[in-house]
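Let's have the full structure, built from the sequences with the hints guiding it.
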Amino acid sequence: MHSDDEPDFQRAATTLLQRAVHAGDALIQHWAHLHDRALITSGHAQEYGTQLLLRADGIELCPLRAPESLNEQRASVGLPPIAVALNTVRRRYTSVPHVESTLADAFPEAA
0 MHSDDEPDFQ
10 RAATTLLQRA
20 VHAGDALIQH
30 WAHLHDRALI
40 TSGHAQEYGT
50 QLLLRADGIE
60 LCPLRAPESL
70 NEQRASVGLP
80 PIAVALNTVR
90 RRYTSVPHVE
100 STLADAFPEA
110 A
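Residue 5 in numbering that gives the first Met the number 0 is what sits at position 6 of the sequence shown, and the numbering runs on without skipping anything.
Don't read these hints as lab results, they were simulated from the structure.
Treat the hints loosely; a few may be bogus.
What follows is a set of in silico ranges between Cβ atoms, one per label pair, in the way DEER data are often shown [to be verified]:
1) P62 x D4: 12 to 22 Å
2) A11 x D56: 34 to 44 Å
3) R18 x G77: 12 to 22 Å
4) N86 x R18: 13 to 23 Å
5) A22 x A55: 20 to 30 Å
6) A55 x G23: 37 to 47 Å
Bear in mind the structure is a predicted one, so any value in this text is a computation, not a measurement.
Every residue gets a Cβ at the ideal spot worked out from N, C-alpha and C, and that includes glycine.
As structure tokens, then:
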């Protein structure tokens, strides 16, 4: 997951993890996280909204391919709606300045 300096390895791991999901040996949610991470690492927008940036001024969701259908994409791999996920992040990082306003601006339904 955190092999951002080795994108080829990250993509190969994504493929192997996808095969493991199809074989019933891994969780699809784990694949979705790795898939999004590999997309972001290679300069593409993510699909499932699993990748966030923790910045000095708050938490920012990495670019999304299709933000209008994000909750449907997340549901297809067993992830909760983005509002629920962002609320979880908000609780985890309550001491981070401006998290509340940054998330509220990006996703008003999460406020």
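State the violated hints by number, sorted upward, taking the hints as numbered earlier in the document.
4, 5
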